[in-house]
Each structure stands twice: as structure tokens, then as C-alpha cells.
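S.K.: So the sequence shown is numbered by my numbering: it starts at 67 and just counts up by one.
I should point out that these hints are in silico values taken from the structure, not numbers from a laboratory. Bear in mind that the values here come from a model prediction, so they are computed numbers and not experimental data. Just to be clear, a hint being listed does not mean it is correct.
[Unchecked claim] For lysine to any residue, the following SDA-like pairs were computed, each having C-alpha atoms within a straight-line distance of at most 25 Å:
id, residue 1, residue 2
1, 122, 159
2, 210, 193
3, 129, 250
4, 160, 203
5, 195, 161
6, 129, 102
7, 129, 177
8, 129, 158
9, 210, 194
10, 265, 194
11, 129, 154
12, 122, 161
13, 265, 241
14, 160, 150
15, 236, 270
16, 129, 203
17, 265, 189
18, 236, 199
19, 236, 247
20, 265, 170
21, 122, 160
22, 129, 113
23, 210, 269
24, 236, 177
25, 122, 165
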Amino acid sequence: SIDTCASHVCPGRTSIGAPKHCSQRKARMYREEYQSGFFSVLYSIGRNPLESWAQKASHGHVKRVMDEDIQSSVIEIAGTNVSTAYIHCPPDPKRGGLGIRLPYLVMIVKNMDMLFSFEVQVLDSKNTKRRFRASTFQSSTRVKPFICTLPMQMDEGWNQIQFNLADFTKQAYQTDYVETLHLQIHANCRLRRVFFSDKLYMDEELPADFKLLSPMRLKQGQKKKEVEKITKPA
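Can you build the whole structure from these sequences, using the hints too?
M.R.: Right, dumping it as C-alpha cells:
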């Protein structure tokens with residue numbers, strides 16, 4: 067299932083550009099790297115948070131901004147058309163996939179009260195590439211041979227989206243999840259952290275920089291919502 071755990075907790079903006087040299091080496095190396103616990107693919111803090119990502123921003127932008135709620139730098143993806151404003155990893159999928167075997171995708175993302183979607187491509191035990199696309203504008207789950215589209219609900223402010231790739235692959239296609247090949251995150255959202263994990267961790271088990279520790283979150287605690295589950299694959 068996909069859970070969204072809301073938490074609430076900067077003024078000013080700075081532009082962030084994609085590096086002229088896309089980090090193909092990093093994308094190719096994921097499959098060979100030791101993978102256990104947490105495996106981060108994006109962290110908004112640092113000199114070059116989109117080093118391993120490519121971006122497209124027609125009629126929109128990809129910027130690093132200061133978020134007023136968590137008082138920290140985050141990546142903002144915005145656009146009038148969600149399909150033409152996004153970031154994706156690896157930068158060139160034709161040169162090899164991510165090769166991430168951990169079955170849980172977790173994103174610390176802010177609800178901007180606008181249309182938002184993301185898509186993840188996986189390889190299953192039949193050696194078939196499947197795509198899962200979740201969006202706030204999808205009304206029901208639809209399963210086709212190579213793509214499954216899912217509705218997604220988010221709480222106000224900051225959310226933690228937890229996507230069980232192994233579970234959805236099994237539900238939709240009756241196959242086993244092998245690895246993640248490609249990840250694409252569309253407008254409109256703000257991102258703090260994107261990572262994979264070997265299991266779902268309680269908040270207190272997460273390293274400090276893998277969660278949002280804001281005054282509002284500490285006061286209100288976490289809230290969770292489930293996106294509609296797949297019941298009858300078509």
C-alpha cells in the first residue's frame with residue numbers, strides 16, 4: 067500500500083541547476099553497492115542534491131528554496147502541466163537502471179495543494195518492466211500489462227509517502243519484485259528526502275536526517291492515510 071504520513075512543521079529562493087555532467091557512474095553503481103537499511107537517492111541539503119538526477123521544467127521550474135515550515139532548504143518542482151515538469155533518476159535510463167533492490171520507496175514531500183504525481187519503474191521476476199504511477203488526480207486504481215495507475219491522497223503540509231514496491235508488484239501482476247530501475251517525480255511538490263529501505267521503520271528508528279523534526283510535527287504527531295489498494299487487477 068501507499069501510506070502518506072502528514073506532519074507540519076525560510077523565506078527566500080535560490081536557483082538550482084542540473085549539473086552539466088550527469089552522474090552516470092553513480093546510477094550504474096547502485097546495483098553493485100551494498101544495500102541494507104536505508105539507501106538515499108535525494109537529500110535537499112548539500113552542494114549538489116540533484117547530482118544523480120536529470121530535470122525537465124517546461125512552463126515551470128526546479129529550484130532549491132527555503133521552506134518556511136521546516137526552516138530548511140528543499141527541492142521545489144512546480145509547473146502548470148505536471149507532465150512537463152519533473153526530475154528523474156537515473157539521468158539516462160538507456161545506460162542502465164538504478165538497480166536498487168530494497169523494496170520500500172519513501173519520500174518526504176510537501177503537499178502544495180496542486181496536482182502532483184510520481185512514477186517508479188521496477189523489474190519483476192518475469193524479467194518484465196512494470197511502471198507504477200501515483201497521482202493526486204487519479205480517481206481509481208487501473209492495472210494494465212505494463213503500467214498500474216493509483217490514486218493518492220495527501221494531508222496538508224509535509225507528508226511521508228511510503229510505497230511498498232514488493233506488495234504492489236505482487237498484487238498487480240502476481241510476480242515478485244526484483245529491483246527498481248527508474249524513478250520520476252513530477253510537479254507540484256517540495257522534496258526533503260527520497261530513499262529506499264529494507265522495511266518500514268518506526269519514526270524513532272529513523273536517523274534524524276531521514277525524518278522531519280519540526281515544532282508542528284512534535285506537537286501534533288504523525289498521521290497516516292492509505293491510498294486505495296489494488297483488489298482486482300484487470
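S.K.: Are the hints correct? Go through all of them and say.
M.R.: Hints, one by one, checked against the model:
1. Taking the CA atoms of residue 122 and residue 159, the gap is about 15 Å. The hint holds against a cut of 25 Å.
2. The suggested pairing of residue 210 with residue 193 holds, with an alpha-carbon distance near 17 Å, which does not exceed 25 Å.
3. Between residue 129 and residue 250 the alpha-carbon distance is near 16 Å, which keeps this suggested pair within the 25 Å criterion.
4. Restraint check: the Cα-Cα separation between residue 160 and residue 203 comes to about 29 Å, which exceeds 25 Å; the hinted pair is violated.
5. Simply put, residue 195 and residue 161 have alpha-carbon atoms about 15 Å apart, close enough for the 25 Å limit, and the pair holds.
6. Straight-line distance between C-alpha atoms of residue 129 and residue 102 comes to about 31 Å, which puts the hinted pair past the 25 Å bound.
7. Between residue 129 and residue 177, the direct Cα distance comes to roughly 16 Å. Compliance with the 25 Å bound is thereby established for this hinted pair.
8. The straight-line distance between the Cα atoms of residue 129 and residue 158 is roughly 21 Å, inside the 25 Å bound, and the hint therefore holds.
9. Under the criterion of a C-alpha separation no larger than 25 Å, the hint pairing residue 210 with residue 194 is consistent with the structure, at around 13 Å.
10. Between residue 265 and residue 194 the CA atoms are separated by roughly 24 Å; this keeps the pair inside 25 Å, and the hint holds.
11. Taking the CA atoms of residue 129 and residue 154, the gap is about 14 Å. The hint holds against a cut of 25 Å.
12. With a CA separation close to 19 Å, the supplied pair residue 122 and residue 161 stays within the 25 Å bound.
13. Simply put, residue 265 and residue 241 have alpha-carbon atoms about 19 Å apart, close enough for the 25 Å limit, and the pair holds.
14. Proposed proximity of residue 160 and residue 150 is supported: the alpha carbons are some 20 Å apart, at most 25 Å.
15. Straight-line distance between C-alpha atoms of residue 236 and residue 270 comes to about 29 Å, which puts the hinted pair past the 25 Å bound.
16. Between residue 129 and residue 203 the CA atoms are separated by roughly 24 Å; this keeps the pair inside 25 Å, and the hint holds.
17. Distance restraint check for residue 265 and residue 189: the Cα-Cα separation of roughly 19 Å lies within the 25 Å cut-off, and the hinted pair is therefore satisfied.
18. Between residue 236 and residue 199 the CA atoms are separated by roughly 16 Å; this keeps the pair inside 25 Å, and the hint holds.
19. For the given pair, residue 236 sits about 17 Å from residue 247 by alpha-carbon distance, which is consistent with the 25 Å threshold.
20. A threshold of 25 Å between alpha carbons decides the hint, and for residue 265 with residue 170 the separation of about 6 Å falls inside it, so the pair holds.
21. For the hint linking residue 122 to residue 160, the alpha-carbon distance of about 17 Å falls within 25 Å, and the restraint holds.
22. Between residue 129 and residue 113, the direct Cα distance comes to roughly 13 Å. Compliance with the 25 Å bound is thereby established for this hinted pair.
23. Pair hint residue 210 plus residue 269 does not hold up; C-alpha atoms about 35 Å apart against a cutoff of 25 Å.
24. At most 25 Å may separate the alpha-carbon atoms for a hinted pair to count; residue 236 and residue 177 exceed this at roughly 29 Å.
25. Restraint check for residue 122 and residue 165: satisfied, since their Cα atoms lie roughly 23 Å apart, inside the 25 Å limit.
The structure shown violates the earlier hints numbered 4, 6, 15, 23, 24.
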